[in-house]
Amino acid sequence: RILLAIVTPHSVMLNIFSSSDCPPNRWGSDCSQVCKCKNNSTCDAQDGSCSCPKGYRGTTCEFQCPSDRFGQDCAEVCQCLNGGKCDPVSGECYCAPGFTGPL
Numbered sequence: 001r002i003l004l005a006i007v008t009p010h011s012v013m014l015n016i017f018s019s020s021d022c023p024p025n026r027w028g029s030d031c032s033q034v035c036k037c038k039n040n041s042t043c044d045a046q047d048g049s050c051s052c053p054k055g056y057r058g059t060t061c062e063f064q065c066p067s068d069r070f071g072q073d074c075a076e077v078c079q080c081l082n083g084g085k086c087d088p089v090s091g092e093c094y095c096a097p098g099f100t101g102p103l
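Per the UniProt record's numbering, the sequence shown runs over residues 1 to 103.
A couple of the hints might just be wrong.
Straight line, CA to CA, 35 Å or less: simulated DSBU-like cross-link-like pairs of lysine-lysine [unchecked claim]:
#, residue 1, residue 2
1, Lys36, Lys85
2, Lys54, Lys38
3, Lys85, Lys54
Please keep in mind that the hints were generated in silico from the structure rather than gathered at the bench. As the structure is a prediction and not an experimental result, all values here were calculated from the model.
Can you make the complete structure from the sequences, with help from the hints?
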């Protein structure tokens, strides 16, 4: 993308700007758009789309994984038993009171 072009009989000067040079939380050809990504997700400098961290999903990564899912885009199924709680990032199970064990 060219923001400035100066042409003289002896030279051409171009100031080229790329949206990949946008500062954090900005996107677009002139970086004027504000990213709407949430929960420490990454904003694409070209189109403003969000890349969610593990444990989150949604267009702007606004949703934590439901209690029975975990991982990238909440694609993994939790294996916790007997009311154990599943960590939305790792899938690790936390036992309910009165229960012990890996799941």
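Exercise for the section: Take the C-alpha atoms of Lys36 and Lys85, compute the straight-line distance between them, and say whether it is at most 35 Å. Expected result: holds (30 Å)
Handout entry: Distance restraint between Lys54 and Lys38, which requires alpha-carbon spacing of 35 Å or less
Key = holds (13 Å)
Exercise for the section: Could you grab the alpha-carbon distance between Lys85 and Lys54 and see if it respects the 35 Å cut-off? Expected result: The hint holds at about 17 Å.
Checked against the numbered hints above, the structure breaks none of them.
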